[in-house]
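Protein sequences appear in the order of chains G and W.
Quick note on numbering: the first sequence equals residues 0 to 101 in numbering that gives the first Met the number 0.
Quick note on numbering: the second sequence equals residues 0 to 245 in numbering that gives the first Met the number 0.
Derived from the structure by calculation, the hints contain no laboratory data.
Just so it is clear, the structure is predicted and the values come from calculations on it, not from any experiment.
Note that the Cβ used here is the ideal one computed from N, Cα and C, for glycine as well.
Errors might be hidden in some of the hints.
Derived CB-CB ranges, DEER-like [to be verified]: (1) A15/W with T68/G: 47 to 57 Å; (2) K79/G with L194/W: 19 to 29 Å; (3) I85/G with V158/W: 37 to 47 Å; (4) A124/W with I72/G: 48 to 58 Å; (5) T68/G with P107/W: 48 to 58 Å; (6) I92/G with I193/W: 25 to 35 Å; (7) R98/G with L194/W: 30 to 40 Å; (8) S33/W with I72/G: 28 to 38 Å.
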Amino acid sequence: MTQLSDMEVILAILGMAAVTYSLRLGGLLMGSYLPQTGKWAVALEKLPSTVLIALIAPAVVTGGPLHWTAAIITMLTALKTGNLLISMSVGVILVGVGRAIM
Amino acid sequence: MSIFNAFTNKGDFPVAQIRQGFQICLPVAISAASYGMVLGVLASAKGLSVGVMTTMSLLVFAGSSQFVAVDMWLDPLPVGAIIVATLVMNFRYLLICASLGKIFEGRPLLHKILAVHLVTDENWAVTMTRKDRGNPAFLIGGGVCLMIFWQSGVTLGQVIGNVLPPPEVLGLDFAFSAAFIAIVASMWKGKADILPWAVAALFAIVAERYLPGKWYVIVGALSGSITAVILSSLPFQKGARHDTAE
Numbered sequence: 000m001t002q003l004s005d006m007e008v009i010l011a012i013l014g015m016a017a018v019t020y021s022l023r024l025g026g027l028l029m030g031s032y033l034p035q036t037g038k039w040a041v042a043l044e045k046l047p048s049t050v051l052i053a054l055i056a057p058a059v060v061t062g063g064p065l066h067w068t069a070a071i072i073t074m075l076t077a078l079k080t081g082n083l084l085i086s087m088s089v090g091v092i093l094v095g096v097g098r099a100i101m
Numbered sequence: 000m001s002i003f004n005a006f007t008n009k010g011d012f013p014v015a016q017i018r019q020g021f022q023i024c025l026p027v028a029i030s031a032a033s034y035g036m037v038l039g040v041l042a043s044a045k046g047l048s049v050g051v052m053t054t055m056s057l058l059v060f061a062g063s064s065q066f067v068a069v070d071m072w073l074d075p076l077p078v079g080a081i082i083v084a085t086l087v088m089n090f091r092y093l094l095i096c097a098s099l100g101k102i103f104e105g106r107p108l109l110h111k112i113l114a115v116h117l118v119t120d121e122n123w124a125v126t127m128t129r130k131d132r133g134n135p136a137f138l139i140g141g142g143v144c145l146m147i148f149w150q151s152g153v154t155l156g157q158v159i160g161n162v163l164p165p166p167e168v169l170g171l172d173f174a175f176s177a178a179f180i181a182i183v184a185s186m187w188k189g190k191a192d193i194l195p196w197a198v199a200a201l202f203a204i205v206a207e208r209y210l211p212g213k214w215y216v217i218v219g220a221l222s223g224s225i226t227a228v229i230l231s232s233l234p235f236q237k238g239a240r241h242d243t244a245e
């Protein structure tokens with residue numbers, strides 16, 4: 000169990016907090032100096048989705064046919080329902096059931 | 000008491016408007032709580048304590064970057080990679096908060112320093128759609144509402160997660176992939192996303208083989224994002240509007 004008494008854990012959380020707060024305050028204070036459109040805006044806007052894709056792609060690719068199928072069905076459910084909990088449950092249940100049968 | 004005074008003196012942050020922001024953000028806060036519950040279940044599967052997650056939720060207060068951090072949570076803890084991933088993930092807050100300049104116009108620095116931590120995607124979006132363009136008090140009310148619901152959702156998820164059987168039994172080892180796929184699907188803007196997303200996936204897969212630890216996340220994310228920039232600056236690309244910034 001990861002506890003808060005761990006020095007590395009404190010360091011990680013304080014580091015996460017520091018960069019996030021700096022971005023928030025930096026944005027507000029720099030305000031009009033930052034480009035709201037253009038290349039930088041395009042790059043920053045795309046980052047959250049590309050981080051998530053980069054994070055999961057290796058795991059899904061090496062996960063085998065069961066994970067591939069579950070990934071596609073999760074994606075379709077999410078596009079259809081727009082609901083995180085439902086689409087996630089569908090994917091997880093598929094993998095759980097698939098593993099039990101195979 | 001000086002911090003308290005800064006918020007109450009001279010009617011700078013009228014209680015009525017704080018309450019209004021709180022109430023109007025309630026529906027999105029409820030959905031944030033369910034999102035937080037998912038994170039809580041995943042966090043408990045990773046063995047993170049309620050104390051660790053509560054501290055993270057209150058101090059970082061940026062949902063998707065917390066998902067990323069919890070997914071990257073391993074022993075030994077990749078502290079550097081987690082912090083850089085948080086930076087990359089939350090870069091958008093530069094622009095989100097930059098767009099709030101008008102709302103905070105004429106306010107002292109202290110007001111900005113105190114209020115800006117409560118800015119999230121959700122209460123920012125709600126504030127920006129207001130006819131009167133919102134005000135700091137409204138934004139703060141929404142932020143407090145979101146923080147309460149987000150934090151409670153995460154803790155509730157951890158309590159539920161702690162009584163569930165081991166992750167593999169329920170297919171919970173696929174839960175992160177499933178959660179991220181669903182979040183990515185909600186970010187889909189159109190066909191222009193296909194190539195940047197494919198490049199991000201490809202670079203991540205290759206980098207994962209050759210780079211230590213979790214650095215493939217950074218490599219994949221940056222290459223996908225750079226691809227989007229290159230695409231948008233191609234002359235035939237419709238809606239490529241970067242003339243104003245150059």
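Now for the hints, and whether the structure bears them out:
no. : hint                          : result
1   : A15/W with T68/G: 47 to 57 Å  : holds (53 Å)
2   : K79/G with L194/W: 19 to 29 Å : holds (24 Å)
3   : I85/G with V158/W: 37 to 47 Å : violated (21 Å)
4   : A124/W with I72/G: 48 to 58 Å : violated (29 Å)
5   : T68/G with P107/W: 48 to 58 Å : holds (57 Å)
6   : I92/G with I193/W: 25 to 35 Å : holds (28 Å)
7   : R98/G with L194/W: 30 to 40 Å : holds (34 Å)
8   : S33/W with I72/G: 28 to 38 Å  : violated (21 Å)
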